Amino acid sequence: MRHKILFVVTVAGFFFAVMFVPAAPLQASPSAAQAAASSPCDRSCLNGFVDQYIDALVAHDPSRLVVTKFVKYTENGQHIELGDGFWRTATGKGGYKFYVDDPEAGQVGFEGTMQEAGHPVIVALRLKIENQKISEIETIVARGGMAEGGAANLDKLAKPRAGFEEEIPAAERLSRLDLIRTANQYFSGMQKDDGKGDYSFFGDDCNRLENGMQTTNNMTPMGGMTSNGAPRPAPSAKYDPSTNPTSYSAGWSCRDQFRSGLLHFVSLIRDRRYPIVDQEHGIVWAFGFFDHQAGDTRNFETPDGRPVTAGPTTPFTWEIAEIFKVRHGQLHEIEAALTQGSYGMCSGWSSYEQCRSDQPQW
Amino acid sequence: MPIRSAAMVAAMRQTILAVAAAGVFLLAFSARPPGTASAGADCDRACLNGIMEQYLAAMVAYDPSKLPVAKNLKFTEDGVRLGLGDGLWATASSIGNYKLYFDEPEAGEVGVYTVVQENGAGVFLYARVKVVDRKITEIETLVARKQTTSILNTDNLTQVRPIFLETIPAADRPSRAEMVSMVGKYFDGIEQGNGDIVPFDKDCVRIENGIQTCPGSPTSPLGALSCGAQLSTKIFTYIQSVSPRRFPIVDRERGLVLAAVRFNHPATQQTVDVPGRGEMTMGKYSQWPNSTQIAELFKIKDRKIKEITAVIVAQPYKMPTGWE
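Order-wise, the sequence lines are chains X and H.
This note's numbering numbers the first residue of the first sequence as 22 and each following residue consecutively.
This note's numbering numbers the first residue of the second sequence as 157 and each following residue consecutively.
No lab work stands behind these hints: they were computed from the structure.
The structure displayed is predicted, hence computed values, not measured ones.
Virtual Cβ for every residue (Gly too), placed ideally from N, Cα, C.
Take these hints with a grain of salt, some might be off.
What the hints assert, rightly or not - A few chain X positions that, by computed beta-carbon distances, are all more than 12 angstroms from chain H: (1) 188; (2) 240; (3) 319; (4) 327; (5) 330; (6) 340.
Said to hold, decoys possible - Short, incomplete list of chain H residues facing chain X, as computed with Cβ under 10 angstroms: (7) 218; (8) 221; (9) 236; (10) 244; (11) 245; (12) 303; (13) 426; (14) 443; (15) 445; (16) 472; (17) 473.
Unchecked claim - So the derived label-pair ranges between C-beta atoms look like this: (18) X:65 / H:350: 46 to 56 angstroms; (19) X:170 / H:432: 35 to 45 angstroms; (20) H:239 / X:100: 34 to 44 angstroms.
Let's have the full structure, built from the sequences with the hints guiding it.
In structure tokens:
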């Protein structure tokens, strides 16, 4: 995927990623604690809400849900009526189910495959539960050519990769904030990637799926997706600067894609929200937008000073739900569901200022 | 959203101040829709077109500082509020010869359709600028790009079709409300699958994103049907609603109405039974829920819709236009 968008940090961006910490933990913890106090809903309870939701969705019957009076529903960033959009077109469940639970915050994420009018789609869903009622529903539905092949891959997997399911020993668990901070380095590193950052936040075994397609360490050329003007190179074995690559490869590792500096065309990663954190499993669920300004950020230099022109030729935005596995302070498994949005669009879940900002929210 | 509300409040204040300053014009304009009164009373057609020229030139020069903008300027591209300088500003390299202007000096509004080169490819731009006290307070744009629309051919857009430039004799000009009503019937006709309720001229031509879509080509699945007959086939059933609808510019002198609308496609139906032809597939927009934002210009002459041209951009389902 062209979006492939990956990383690297401008020096400023990385510095920022390290520095953003203050104040936030004080905001994050109380709200999570409040949610837990007012609406005890453990993992199985949260997953049960997801299952009920999917059943109701396929039945095209939102009245089956227990929702709060002012429940809010968004689909691909648009605030629409519960029962509209995918609620009218979903035709079946798929074979892939990935739940991310955050009982402390009363939130659950779900990435899975489904059917819409007979076509496979990939769905990212976030539910917020308050007092045993659904108060927030946020969905991304990835459709069409860029999702169909990947959905088949996910169906073959059937469940999340083993790394995601591995529990983190209690003594090794990071705080919510440290988990978020680790994940946020990925976005800060990719934004205007210059290949000169510290990418030690990637584990050596880091691997990424985007809409079900393996976009790192993949030596099999991907099919079924077209790029939005960005070149999609044939995979090469390893990142080798001496070969003067002009675009990054899905064959490279997570870290090498950032090191190449060839993701510079991802001009801004904004409206970064981290609503779901599973400390037991070291998992962070993020939402954000990847902007490709398509102007001067298409022209840049690699770390060794070679001029390169790359990236989409029109202003372009990916709307993304991205799931990160953090072990020992490093990113290992990464998985995203994404859809093309209108350039610069907002999520419907943050202020306009937050929508335009690359500062993390949690 | 806080900032949007603040900007709207500020814009309203500005309008109120402008209206108050206009003083004696108040009564004369009292029948006009709210928000349009006297806004551009001191900026005639040539003045408005000149400001639009400045806008296009500043965009290609990538220099917003050249523009006379109001403090509370609002700028959208494809329904998204952006900072001036972002979007097409960052990618535009030149403007083509095709420039179709339309003006409503009483409202301080000017619009244009033109072709812009963006990283080596032609895109079709609709821009609307509102001018108050010779400063730009609103800029609304839609940009049809190959990546964001199902059809586009800017190669066809080299010269404005002469009918758009024709002046309607003063005695023959319908009122603003009458013109808006006629265009509204076009959208009603789409929703109802009924061309008979639309005041089409029998030779009406519609060109969307540079491609003529009615009368149809004799080789198209529906054949060479007129604009009205096309609607009556029900082939546009996938367009469940045309909402919201705005009519920000009515150029009575030229008989032009600019409609800014959103077509909503819930994709609950992929095929339709066309009388006399049987079941037909409705195409891309019926595959999954989506919307299109459209800036559509209508030429009204002899109280009939003679010609239509439009910029169409695909959008997430029911995405707000940014101006409601």
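Hints, one by one, checked against the model:
Listed as outside the interface, residue 188 of chain X is consistent with that label: its C-beta sits roughly 37 angstroms from the nearest C-beta of chain H, beyond the 12 angstroms cut-off. At the 12 angstroms boundary, the C-beta of residue 240 of chain X stays outside the reach of chain H, the nearest C-beta of that chain being 29 angstroms off. Taking the minimum C-beta to C-beta distance to chain H, about 8 angstroms, the non-interface status of residue 319 of chain X is violated against the 12 angstroms cut. With a least CB separation of 20 angstroms from chain H, residue 327 of chain X remains clear of the 12 angstroms interface cut-off, as annotated.
A cut-off of 12 angstroms between C-beta atoms contradicts the statement that residue 330 of chain X is not in contact with chain H; the least separation is 10 angstroms. The claim that residue 340 of chain X lies off the interface is violated: its Cβ sits roughly 8 angstroms from the closest Cβ of chain H, which falls inside the 12 angstroms cut-off. For residue 218 of chain H, the shortest C-beta to C-beta distance to chain X is roughly 8 angstroms, which falls under 10 angstroms, so the interface hint holds. Given the 10 angstroms rule on beta carbons, the hint for residue 221 of chain H is violated: about 17 angstroms separates it from the nearest Cβ of chain X.
The closest approach between the C-beta of residue 236 of chain H and any C-beta of chain X is roughly 4 angstroms, which is under the 10 angstroms cut-off, so the hint is satisfied. Of the supplied interface hints, the one on residue 244 of chain H holds, with its beta-carbon coming within about 7 angstroms of a beta-carbon of chain X, less than 10 angstroms. The beta carbon of residue 245 of chain H comes within 8 angstroms of a beta carbon in chain X, closer than 10 angstroms, and the hint placing it at the interface holds. Because the smallest distance between the Cβ of residue 303 of chain H and any Cβ of chain X comes to about 5 angstroms, under 10 angstroms, the interface hint for this residue holds.
Because the closest C-beta pair between residue 426 of chain H and chain X is about 7 angstroms apart, less than 10 angstroms, the hint holds. The interface hint given for residue 443 of chain H holds, since its Cβ lies 7 angstroms from the closest Cβ of chain X, which is under the 10 angstroms cut-off. Annotation: interface hint on residue 445 of chain H holds; nearest CB of chain X at approximately 5 angstroms, less than 10 angstroms. With a cut of 10 angstroms, the hint placing residue 472 of chain H at the interface with chain X holds, because the nearest CB-to-CB distance is about 4 angstroms.
Checking residue 473 of chain H against chain X by beta carbon gives a least distance of about 5 angstroms; that is within 10 angstroms, so the hint holds. Separated by about 54 angstroms at the C-beta atoms, residue 65 of chain X and residue 350 of chain H satisfy the suggested range of 46 to 56 angstroms. A hinted range of 35 to 45 angstroms holds for the C-beta pair residue 170 of chain X and residue 432 of chain H, which are about 39 angstroms apart. Take residue 239 of chain H and residue 100 of chain X: their Cβ atoms lie about 23 angstroms apart, and the range 34 to 44 angstroms is violated.
Hint check: violations occur at hints 3, 5, 6, 8, 20; the rest are consistent with the structure.
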